[in-house]
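Taken in order, these protein sequences are the chains called A and B.
First residue of the first sequence? That's 1 in our numbering, and the numbers climb one at a time after it.
First residue of the second sequence? That's 1 in our numbering, and the numbers climb one at a time after it.
Simulated from the structure, these hints should not be mistaken for lab results.
Idealized CB from N, CA, C, for every residue including glycine.
Don't take every hint at face value.
Facing chain B, a subset of chain A residues (Cβ under 8 Å, in silico) [stated by the list, open to error]: (1) 23; (2) 59; (3) 63; (4) 154.
Here are some chain B residues the structure puts well away from chain A; computed CB gaps all over 10 Å [what the hints assert, rightly or not]: (5) 14; (6) 23; (7) 185; (8) 232; (9) 234; (10) 246; (11) 297.
The chain contents come next:
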Amino acid sequence: MTPADDILPAHAYGASRYPRFIPVGDVALSVEFGDAIAAEIHAQVVALERALAAAEVPGIVETAPSYRSLLVCYEPAEISFGALLDALRGLLGEAGDPLHLPARRWSVPVLYGGGVGFDLDEAARRLGLTPEALIAQHASAEYTVYFLAFAPGLPNLGGLPPALHLPRRLQPRRQIPAGSVVMAGGQAAVMSLPMPSGWHVLGQTPARPYDPARAEPFLFRPGDVIRFRPIGSDEFARLEARRVRGEAVIVPDALPPDPGADGAVT
Amino acid sequence: MTGAQLLAIEPTPFVTVQDSGRRGWMRFGVSRAGAMDFAAMAAANILVGNPPDVPVLEFAHAAGIWRLAGADCRIAVTGGTFGCRAGGRLLPPWHSATLGDGEVLQIGGATDAVWGYLALAGGIALPRQLGSLSTHLRSGIGGLGGRMLRAGDALPLAAPRRPAGPDLALAPPIRRTGPLRVVLGPQDDYFTPESIETFLGREFRLSPQFDRLGYRLTGPELHHAKGFNIVSDGVVPGCIQVPGDCQPIVLMRDCQPPGGYPKIATVITADLGRLAQSRAGTPLRFRQVSLAEAQLARRRMVEGMAELPGRVMVLLGK
Numbered sequence: 001m002t003p004a005d006d007i008l009p010a011h012a013y014g015a016s017r018y019p020r021f022i023p024v025g026d027v028a029l030s031v032e033f034g035d036a037i038a039a040e041i042h043a044q045v046v047a048l049e050r051a052l053a054a055a056e057v058p059g060i061v062e063t064a065p066s067y068r069s070l071l072v073c074y075e076p077a078e079i080s081f082g083a084l085l086d087a088l089r090g091l092l093g094e095a096g097d098p099l100h101l102p103a104r105r106w107s108v109p110v111l112y113g114g115g116v117g118f119d120l121d122e123a124a125r126r127l128g129l130t131p132e133a134l135i136a137q138h139a140s141a142e143y144t145v146y147f148l149a150f151a152p153g154l155p156n157l158g159g160l161p162p163a164l165h166l167p168r169r170l171q172p173r174r175q176i177p178a179g180s181v182v183m184a185g186g187q188a189a190v191m192s193l194p195m196p197s198g199w200h201v202l203g204q205t206p207a208r209p210y211d212p213a214r215a216e217p218f219l220f221r222p223g224d225v226i227r228f229r230p231i232g233s234d235e236f237a238r239l240e241a242r243r244v245r246g247e248a249v250i251v252p253d254a255l256p257p258d259p260g261a262d263g264a265v266t
Numbered sequence: 001m002t003g004a005q006l007l008a009i010e011p012t013p014f015v016t017v018q019d020s021g022r023r024g025w026m027r028f029g030v031s032r033a034g035a036m037d038f039a040a041m042a043a044a045n046i047l048v049g050n051p052p053d054v055p056v057l058e059f060a061h062a063a064g065i066w067r068l069a070g071a072d073c074r075i076a077v078t079g080g081t082f083g084c085r086a087g088g089r090l091l092p093p094w095h096s097a098t099l100g101d102g103e104v105l106q107i108g109g110a111t112d113a114v115w116g117y118l119a120l121a122g123g124i125a126l127p128r129q130l131g132s133l134s135t136h137l138r139s140g141i142g143g144l145g146g147r148m149l150r151a152g153d154a155l156p157l158a159a160p161r162r163p164a165g166p167d168l169a170l171a172p173p174i175r176r177t178g179p180l181r182v183v184l185g186p187q188d189d190y191f192t193p194e195s196i197e198t199f200l201g202r203e204f205r206l207s208p209q210f211d212r213l214g215y216r217l218t219g220p221e222l223h224h225a226k227g228f229n230i231v232s233d234g235v236v237p238g239c240i241q242v243p244g245d246c247q248p249i250v251l252m253r254d255c256q257p258p259g260g261y262p263k264i265a266t267v268i269t270a271d272l273g274r275l276a277q278s279r280a281g282t283p284l285r286f287r288q289v290s291l292a293e294a295q296l297a298r299r300r301m302v303e304g305m306a307e308l309p310g311r312v313m314v315l316l317g318k
């Protein structure tokens with residue numbers, strides 16, 4: 001098969017033929033691993049992104065993971081579509097078990113309810129739970145950072161327990177603060193900037209997913225694993241004070257090297 | 001830092017600092033942003049003796065009234081035939097000119113473009129954020145406080161210069177006409193074959209709803225074959241997404257992955273500047289090209305921009 005034969009538009013693929021390699025204009029391509037939000041599909045996205053960064057393929061400008069696909073931006077003057085496909089196929093062939101990649105793990109402290117988790121009681125009522133039961137469920141789950149999007153460093157988390165799936169609020173709020181710990185539908189997130197949102201605000205973390213003044217502006221990376229830890233107002237105040245002093249509020253428990261962490265994949 | 005500044009006296013809305021954009025941070029949820037018309041930005045910079053991707057001021061339709069303070073500086077306005085005045089002088093667009101210390105610059109409207117560029121010799125002295133000065137309004141990143149410039153702002157100039165030589169000019173670019181070239185996909189399979197035919201065969205119009213994020217089009221309805229909810233995935237500028245109202249939106253420089261609607265096709269990079277400069281009401285058609293043709297067009301665009309310095313005309317007798 002010559003490289004030119006590989007270039008198929010989406011409609012030429014069968015519904016179940018994954019992975020698919022679909023051009024997104026002349027400087028990007030999407031590697032699709034499925035058509036659903038699922039941990040095993042997303043794990044393949046993260047595995048390919050890491051393998052691609054480690055392989056240092058020339059001509060790759062940057063990559064962006066989402067639920068079920070990896071967007072690969074490239075410079076066609078430096079790498080042809082065919083050569084890029086060959087490189088991607090090679091990396092997919094070599095990849096180990098994507099579900100068992102080493103991941104950085106975070107424990108994210110959260111002050112639930114009260115003045116900072118203003119939707120906790122109503123969300124609990126709509127779910128038929130006590131606020132305490134909602135907190136217990138939310139803090140017992142393990143979440144994966146699917147991707148960062150909608151605002152700089154905003155982690156979109158998979159792993160919300162089905163008992164907490166709740167449609168978004170009918171009336172979006174004009175602005176919710178950075179650090180808000182939120183959920184809507186089957187998804188969970190931590191707000192990185194103050195922004196309008198229809199998601200349910202369960203509480204607040206003193207940690208900031210995005211801080212342009214920090215040496216590493218972005219706290220989380222795609223593929224990181226997060227647990228939420230309920231804290232009281234005393235600890236919240238202590239951690240807030242650390243943040244205000246410019247000190248780290250939380251650190252991950254393991255730091256495998258991430259070749260894309262400095263923002264340059266190549 | 002020189003202490004010299006460009007003061008915003010009565011700026012129009014939508015004036016932002018832009019350069020060629022931010023690369024490498026998309027995986028952290030950061031848009032690339034960058035000039036809507038790269039070629040016009042490059043031309044403005046070359047006319048004032050800057051490298052082509054030095055940060056400039058980008059404006060929409062007109063820029064309003066500005067004043068230079070603390071130095072003389074060579075400037076140039078490109079993008080369209082914007083009516084510019086300084087003191088009693090008319091400053092032709094696509095020409096360099098020298099502003100004196102304290103002189104007022106007025107940049108009025110153009111009929112042949114949307115986005116204009118004001119380059120200042122020596123550039124702008126603001127700190128880069130994540131490798132770029134491009135302003136992304138939704139993220140509050142870049143430029144001056146991550147926002148549009150407003151009256152009272154003072155933009156610090158890096159190294160204002162008043163070169164001794166004559167002023168320079170570039171012929172306004174002859175923008176390609178004819179259909180916008182697209183590569184189908186990445187979700188062309190979400191549309192009925194009739195809709196693909198409609199998309200490639202019929203005429204659309206640019207609606208007045210446009211900004212740096214996207215351009216909304218009106219025209220015949222494009223029907224989805226299997227609903228309009230996809231699992232959100234990556235987007236780049238040029239992606240044409242079709243939400244539930246069956247009317248296409250072309251995503252532009254400030255777009256952020258992921259996008260939640262099916263994307264029928266993607267405008268090729270060589271035609272993005274031309275689309276950006278099309279005004280509301282402009283009729284548009286689309287033509288499918290192969291990936292090879294799209295990438296050849298990109299190579300020609302890059303070569304054309306590399307040739308800009310050689311096309312500069314020296315204005316003698318000025």
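Comparing the hints with the structure gives:
1. 23: 5 Å, holds
2. 59: Residue 59 of chain A check fails; min Cβ-Cβ to chain B is 12 Å, beyond 8 Å.
3. 63: Holds, because the Cβ-Cβ distance from residue 63 of chain A to chain B comes to roughly 6 Å (cut-off 8 Å).
4. 154: 6 Å, holds
5. 14: Answer for residue 14 of chain B: holds, closest chain A Cβ roughly 21 Å.
6. 23: 6 Å, violated
7. 185: Since the minimum Cβ distance to chain A is about 5 Å, residue 185 of chain B lies within 10 Å and the statement is violated.
8. 232: Answer for residue 232 of chain B: violated, closest chain A Cβ roughly 6 Å.
9. 234: 3 Å, violated
10. 246: 19 Å, holds
11. 297: 8 Å, violated
Going down the numbered hints, you'll see the structure goes against 2, 6, 7, 8, 9 and 11, while the others check out.
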